[in-house]
Amino acid sequence: MAAALMIPLLTTAGVACFWLFYRSVDFFDNI
Amino acid sequence: MNKELLGILVIFGSTVLLAIPLGRYLATIYRGDRSWTDFLVPFERLLCRLGGIDATKSLTWQQNLVALLTINLVWFFWAMLVLCTQGSLPLNPDHNPSMSPDQAFNTAISFLVNCNLQHYSGESGATYFSQVFCLMFLQFVTAATGMAACVIVFNALREGTTEKLGNFYDYFLKSITRVLLPLSLVLALVLVFQGTPMNWAAKAPIVTVQGDSTNVSRGPAAALIGIKQMGTNGGGFFGVNSAHPLENPTYLTNALENGAIVLIPIAMALAFGYYLRRPRLGWMVFGVMTAGYLLLQLPTVYFEMHGNPAIAHLGANQALGSMEGKEIRLGAPASALWAIQTTVTSNGSVNAMHDSLTPLSGMNTLLGMMTNAFYGGVGVGFLNFFVFIIVAVFISGLMVGRTPEFLGKKIEAREMKIAIIIALLHPLLILTGTALATHFYANDPKELAGWLANPGYHGFSEMLYEYTSSAANNGSGFEGLGDNTPWWNISTGIVMVLARYLPIIGPVAIAGLLARKKYIPESAGTLRVDTGTFGIMVFFVIWIIAALAFFPALALGPLAEHFTLYQ
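Those protein sequence lines, which keep their order, are chains H and B.
Quick note: the first sequence uses numbering that gives the first Met the number 0, first residue 0, plus one each step.
Quick note: the second sequence uses numbering that gives the first Met the number 0, first residue 0, plus one each step.
Keep in mind the hints are simulated off the structure, nothing from the lab.
No residue lacks a Cβ here, since even glycine has one placed at the ideal position from N, Cα and C.
Any given hint might turn out to be false.
As the list claims (entries may be wrong) - Reference listing, derived: stretches of chain B covered by chain H, where coverage requires no fewer than 3 residues with Cβ under 8 Å from a Cβ of chain H: (1) 60-67; (2) 75-86.
Said to hold, decoys possible - Derived list of chain B stretches under chain H, where covered just means 3 residues or more per stretch with a C-beta under 8 Å from a C-beta of chain H: (3) 103-112; (4) 405-417; (5) 493-502.
Stated by the list, open to error - Computed spacing ranges between beta-carbons, pair by pair: (6) Trp77/B <-> Arg22/H: 54 to 62 Å; (7) Asp28/H <-> Ala448/B: 43 to 51 Å; (8) Ala2/H <-> Trp77/B: 13 to 21 Å; (9) Asp28/H <-> Gly531/B: 34 to 42 Å; (10) Asn214/B <-> Asp28/H: 52 to 60 Å; (11) Gly455/B <-> Phe26/H: 23 to 31 Å.
Please take these sequences and the hints and turn them into a complete structure.
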């Protein structure tokens, strides 16, 4: 796959993981 | 006594002796008491002012975690940017290219999470700009992140009821200015005087003694190696890490680097007791961690000193021990010491090739990462241990028929749910990754032939090790694995990031929930947690969880290999 596509795709994957972590703070607060 | 054994005893003994005053010092600076490093206060205030941060404001556990995650997210963008464009950036005298996107993703995550799994070789895969302004920078700030999160948990365990658990930025900054920078500087200076390069020069062409021409890599290595060891990072400047003669030139540097690996993790365990003004508690934690560590260390030294039967069968002299993959100038015991210390902490630097360890030694390195709580990484090692303490308190409470309490706070369903989620996340990530990789390889071994240098049991161990190292944020590898492929780069990247932040968020959440609760003063009926009995309980909780989760996988890999080799 072209680098031009892979870089934003993988950066978005990293950001998605961080979104999960932000959500997990709320999740653990209300578990 | 054998000189080599005496050498490793001196290394470990002196590290523990140094860790005691360091633990006291850590407790002092984090509590905000007067210390000899207070002259740095104006500098720290200036940094906070420049960053627009009020580090004196105490925050809730949720606010602290949001601060931690946000600054880490910014570093992720920075690392991706630098690694994807390094070929066009300055300080690149060897003209190394930019990383491919999947390798940049793996490396960015790897250094962001204090893992330092390296699917590149420093000599040809990273520029000096990347090494210093991206990788070394992350080695400082990620170690400080773990230490700051740990102090937030310490705060929650103090007597009384509170919503406020201190300020992440305050602890983060102090960890860098007053602990990591000075200690790393001292180690880096010793390395420079012992022969480690610290320059911006390109590779040097040399002619070897036997007449071959080659190029020797140089660069700002000493600075990076100092924090690599002090911050339990482990990412080497050169490809073979501290097995490289310029990264670890002498027995003295080997001893100092080895001591630096476990110094802060041990000091943090002791700091826990000093911080709460209950030193016995710190010693209990240290005692359990040390017992677990020795259980792995002693047999590893034994096996590595007694040679490899397969090599003995070829007629090679095994008097020096199992020397395949080891440096003759360091020897088998010093390599065995390093192998276990680097894996019980989340360091991952190596001075010998773990792929060449005898099978049970390899299993012990795996177990060090699977338990991930015998010293552990700077700060995060204690957080992992804290989860096991919560489980042990709960089980002890059930055994004696009382409501479980830890330091005057009741452990209830919410804390237990979080503790169990975090305790099971680790094996889930390791075993899922290994199962998927094994499945793909078994279905198409010809297409994926580049993955494994060794078929059979050892090949399985290589894949198991890669995911274990990623999930433990360790970063070492069984280097027979061909790991610079999109599958390994992306899958281990995802494992590393999940295995870093959830095990920080979970223990901080437990601590925050506990801190809010009514404080119950200790009485004759309270479960005492600073005793040997409770320490034994925690010890067995850790081992039982590890054994239940990992024994089948270990049986398929290193145990099967051991019984094949020693039949």
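Query raised in the report: Quick check: which numbered hints come out false for this structure?
Result: 6, 11
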